[in-house]
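Chemist: Protein chains in written order, with the working numbering: chain A, 1 to 523; chain B, 1001 to 1520.
For the record, the hints were derived by calculation from the structure and aren't laboratory data. Check each hint, because a few of them may be wrong.
To be verified - 25 Å max Cα-Cα, derived DSS-like pairs, lysine-lysine:
| id | chain 1 | residue 1 | chain 2 | residue 2 |
| --- | --- | --- | --- | --- |
| 1 | B | Lys1148 | B | Lys1095 |
| 2 | A | Lys94 | A | Lys277 |
| 3 | B | Lys1392 | B | Lys1404 |
| 4 | A | Lys389 | B | Lys1095 |
| 5 | B | Lys1242 | B | Lys1158 |
| 6 | B | Lys1404 | B | Lys1433 |
| 7 | B | Lys1095 | A | Lys248 |
| 8 | A | Lys32 | A | Lys65 |
| 9 | B | Lys1441 | A | Lys389 |
| 10 | B | Lys1441 | B | Lys1503 |
| 11 | A | Lys94 | A | Lys32 |
| 12 | B | Lys1101 | A | Lys248 |
Claimed, not checked - A few chain A residues facing chain B, derived, Cβ under 7 Å:
| id | residue |
| --- | --- |
| 13 | Asp249 |
| 14 | Ala334 |
| 15 | Leu379 |
| 16 | Ser406 |
Where is the CB? At the ideal position from N, CA and C, for every residue including glycine.
As a plain string of letters, each chain reads:
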Amino acid sequence: MLRLTIREVSQAFREGRISPSELCQKCLNRIKKTRNLNAYITVTEEQAVEQARAADERFQRGAPKGPLDGIPIAVKDNFCTENTETTCASKMLKGYRPPFNATVVQKLLDQGAVLLGKTNLDEFAMGSGSTDGAFGPVRNPWSYSAPYRDRGGADPDSDWVITGGSSGGSAAAVASLSSFLALGSDTGGSTRNPAAHCGLVGLKPTYGLVSRHGFIPLVNSMDVPGIMTRSVHDAATVLGVLQGQDAKDSTTIRHPEENFHLPDDIDVRDLRVGIPKEYHAPGLSRETLAQWSRVADVLERAGARVVTVSLPHTQHSIVCYHVLCAAEVASNMARFDGLQYGHRSVEDSSTDALYAATRHEGFNQVVRGRILSGNYFLLRRNYQQYFVKAQQVRRLIADDFAQVFSAGVDLLLTPTTLSDAPSHAHFIQEDNRTRSMQEDVFTQPVNMAGLPAVTVPMALSGRGLPISLQLIGPALQDRKLLTVAGWLERQVAFPQIRLPWDTEEDEEEGCNLGVAERGQTAV
Amino acid sequence: MGFVVYAFQSGQPQIKKKSSAVPQLIGVVGLEIHAQINSSTKLFSSSQVGFSAPPNSQVSFFDASLPGTLPVLNRRCVEAAVMTGLALDCTINRKSLFDRKHYFYADLPAGYQITQQRLPIAVGGTLRYSHLIGRKQGEVVTKSVRIKQIQLEQDSGKSLHDESGSQTFIDLNRAGVGLMELVMEPDMQCGEEAAAAVRELQLILQTLGTCQGNMSEGQLRVDANVSVHRPGEPLGVRTEVKNINSARFLARAIDYEIERQMEVLRRGGSVLNETRAFDFKSGQTIPMREKEGLQDYRFMPEPNLPPLMVYDSETAPPPAGTDPGQAVLIDAMRDRIPELPSARRARLVDAFGIRPEHSYTLVNEDGLTDYFEGVVRMSRAEPRKAIGWVIKDVLGLLKQRGLKVSQSPVPPHALAEMLDLLEDGRVSSSAAKTVFQELWKGTGRSPAQIVEQQDLGLVDDSTEIHRICQSVIDSHPEEVRTIRTGNRKVLNKLVGLVQKQTKGRSDPVRVRAILEEGTS
Chain A
1 MLRLTIREVS
11 QAFREGRISP
21 SELCQKCLNR
31 IKKTRNLNAY
41 ITVTEEQAVE
51 QARAADERFQ
61 RGAPKGPLDG
71 IPIAVKDNFC
81 TENTETTCAS
91 KMLKGYRPPF
101 NATVVQKLLD
111 QGAVLLGKTN
121 LDEFAMGSGS
131 TDGAFGPVRN
141 PWSYSAPYRD
151 RGGADPDSDW
161 VITGGSSGGS
171 AAAVASLSSF
181 LALGSDTGGS
191 TRNPAAHCGL
201 VGLKPTYGLV
211 SRHGFIPLVN
221 SMDVPGIMTR
231 SVHDAATVLG
241 VLQGQDAKDS
251 TTIRHPEENF
261 HLPDDIDVRD
271 LRVGIPKEYH
281 APGLSRETLA
291 QWSRVADVLE
301 RAGARVVTVS
311 LPHTQHSIVC
321 YHVLCAAEVA
331 SNMARFDGLQ
341 YGHRSVEDSS
351 TDALYAATRH
361 EGFNQVVRGR
371 ILSGNYFLLR
381 RNYQQYFVKA
391 QQVRRLIADD
401 FAQVFSAGVD
411 LLLTPTTLSD
421 APSHAHFIQE
431 DNRTRSMQED
441 VFTQPVNMAG
451 LPAVTVPMAL
461 SGRGLPISLQ
471 LIGPALQDRK
481 LLTVAGWLER
491 QVAFPQIRLP
501 WDTEEDEEEG
511 CNLGVAERGQ
521 TAV
Chain B
1001 MGFVVYAFQS
1011 GQPQIKKKSS
1021 AVPQLIGVVG
1031 LEIHAQINSS
1041 TKLFSSSQVG
1051 FSAPPNSQVS
1061 FFDASLPGTL
1071 PVLNRRCVEA
1081 AVMTGLALDC
1091 TINRKSLFDR
1101 KHYFYADLPA
1111 GYQITQQRLP
1121 IAVGGTLRYS
1131 HLIGRKQGEV
1141 VTKSVRIKQI
1151 QLEQDSGKSL
1161 HDESGSQTFI
1171 DLNRAGVGLM
1181 ELVMEPDMQC
1191 GEEAAAAVRE
1201 LQLILQTLGT
1211 CQGNMSEGQL
1221 RVDANVSVHR
1231 PGEPLGVRTE
1241 VKNINSARFL
1251 ARAIDYEIER
1261 QMEVLRRGGS
1271 VLNETRAFDF
1281 KSGQTIPMRE
1291 KEGLQDYRFM
1301 PEPNLPPLMV
1311 YDSETAPPPA
1321 GTDPGQAVLI
1331 DAMRDRIPEL
1341 PSARRARLVD
1351 AFGIRPEHSY
1361 TLVNEDGLTD
1371 YFEGVVRMSR
1381 AEPRKAIGWV
1391 IKDVLGLLKQ
1401 RGLKVSQSPV
1411 PPHALAEMLD
1421 LLEDGRVSSS
1431 AAKTVFQELW
1441 KGTGRSPAQI
1451 VEQQDLGLVD
1461 DSTEIHRICQ
1471 SVIDSHPEEV
1481 RTIRTGNRKV
1491 LNKLVGLVQK
1501 QTKGRSDPVR
1511 VRAILEEGTS
């Protein structure tokens, strides 16, 4: 039952094969069994049980709220949840209970979703490994999977592969089957990167389509709430619920497209798919490249036109991001001074001393480093050389995409990450900044341009780990993007994860229901 | 930027003359004014705005800068800034931008203020103001100061220090209240000019209703940039004078600062670029603890607010699909501007033939124009006669008692009725004063009732007046003799005696005529 998609579970609820409470209990048990993944910072068990019971009643009355009613979900711990601790995986916000729900959280709760808990991340979402949070690193469930273990993967007690980040907890929750949906956040790839490493569908919607109110920001001008599910259809369902103008977020846009049902099948013959030549980046693994070519061939064989395109300024994206991100971080983090909320140092000899000590103690090295460099870039004498230049380059990067799309390309096909998930021991040999610059190379330019992008798992690597590709679309073409992603999903038939915690019962259900209903066309 | 009418005026006060061939040092004054926008809610949140609410009772999640909150622009504040800009002949920028200005301070919870540093909502205006000079302040001089820009920004909270100084308390009620910062070019030369400009601005804002303009309540806060130089030479190093809470103190602070800087230069010293506070007790400016000067505010665009667009129904209509309730239209704002003080003064002089300085008094006193116009409308008396009563008697007494025009115990219709009694010759002017004093007591009796009950009406009985006049003549033979020798002045004394006997109820012209006849 745990490995079903949202659509399948919702159907099971309707048919009375299982109740929301029963499913919620299974998920809570799975969370307990998978504690060592460190996916959750807070588990909201009591609240979840209560919400599930309310959903039970609605189904019993025959009046469920919609496709998400009774569905267990997890939320990254940088989205505010009313009266539930929201830490951003930082000592600075340990114990902080916001008095309000983020708009996206509220929308899910309004639909009857059952919140299981808050998921782990890199501190304030700064990282690409989910290894730099105050609550320790997140382990990728695939570290425990049969294919990985069978093909000589390290013993997970000594080393494990990372989830990617920064929304690693959310990815681990969905991949380990303790949750059917998780909210991530995506500023430079933080949803797509861990989704790719954990074999999930990860959607970064168009900037402005989904409200950021209550999302504790990293880079306001690039932040987008991200969606992680086990199927493209589920991602589309969730986007349909979350999208829309929000009076509390002035950067949200009015978008008339309310109905978000994906067609079950499409004809890809009219499709023009661009392959950006600059994405043949240094460090791209042989296996990922092979998948990229294979999938391009799949599209071509089905009649789509696959063309090479150029995004010449993409190569500058990461360094440009570094400047803009640090600048906004320096600004956004200024509010954490220990006076109103969060950590406060015992040092109180003066207000300035209190600030300094609070911020030194509350933030980790990564956050402090970005604050320092951001303030440097914003100094009057540096502003033109750094911030303004970076903004100009940002515009060029966005223009690159716009030109390609206006030349008739419908969407771009690229890798999501350089390779499959690296091991933790390997990953931490370089610092956070170096890793972020390497890992976000394919995902980050999309945030610069505010475009929608989705990552879809394609195959397992030689190590038995997921390899995923990314589709990038023009602004507000999220639905079209998902339609093609859904088509690809059906073509590749990515295998389901097999975990040591799967009970025999789950296995059986999985065989009977899960796999049977999903796309099987082997390629 | 609009053209500028700038008149150099004589009458430079408080600058001591020194005989020298070198041109004299003169003061150069520019102002930065923070006007709290008169709006029921804050600039970026829906918290209420109120002057005397209990501490921290008007604080939204955004005002407290809780993480994840976002600013939502208050349309009313935009309208106020557009209207103010138009009233000051500014160019309204169809598109303006918001920026973050960073500094750490306990009453600035976000660590930055949202302001409009790069592209403000209004630029390039002019404020025309006048002040009265000459003997008896009888001469009106009109000048103008250029408005560089008007920007929308957030107010900060307030820090309250306990008596021992060891603890600071933060009140965030004011945090996030909308401000218009008006930056004036350094076109003024002395404190009196600056004070006159601020008073005129105050009046304009109050007329528009965009700011209540009370300086002592901090609704209007003025910082002065002051320097001195010799005309024709580059501007001198300037200081910024803060902590000024009335127009009177503004004039004093600036004049003190100009004099201080001149003295520094005369002694061969140099003026430091610093921030100084005005100490109203000593009348001096004193250096503030320096940290402002070295601040780098690390300005950055505010990423959570799209560009602020304003439209014009004719030349730049809002794009299709814009919620008509949300778009701010420049032309609609222009139509909503009421009669401004300068236009009102010109109209009063023109329509009622009153003196220009009286038009200042009428317009500068809140509600007095309406009062005066009410009296004129309801009375048959000449406006020029009414103005004296309104300014000397009504306003004089109000000032004495510290009352506002709206609190006057004599309403316009009562004064009008009294003026009519006077006009119709039913009371003498001295009896009218008595009636006015009775009215002031606010007993609710009408002038006619007072006249009747206190028997103040003119003695109309010819026989009776003749009788009283004759009795005065009879009982003052000395005076009558003197008059007959040609000393007519003594006649006045007799007139006064008749008035005394009739308790001011006789017509002095008539009495005089009777007495003249009787003593000839």
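Chemist: Now, for every hint given, state plainly whether the structure supports it.
Modeler: The hints, checked one at a time:
no.	hint	result
1	B/Lys1148 / B/Lys1095	17 Å, holds
2	A/Lys94 / A/Lys277	45 Å, violated
3	B/Lys1392 / B/Lys1404	15 Å, holds
4	A/Lys389 / B/Lys1095	22 Å, holds
5	B/Lys1242 / B/Lys1158	16 Å, holds
6	B/Lys1404 / B/Lys1433	21 Å, holds
7	B/Lys1095 / A/Lys248	22 Å, holds
8	A/Lys32 / A/Lys65	29 Å, violated
9	B/Lys1441 / A/Lys389	74 Å, violated
10	B/Lys1441 / B/Lys1503	20 Å, holds
11	A/Lys94 / A/Lys32	22 Å, holds
12	B/Lys1101 / A/Lys248	22 Å, holds
13	Asp249	5 Å, holds
14	Ala334	2 Å, holds
15	Leu379	5 Å, holds
16	Ser406	21 Å, violated
In summary, the numbered hints that this structure violates are 2, 8, 9 and 16.
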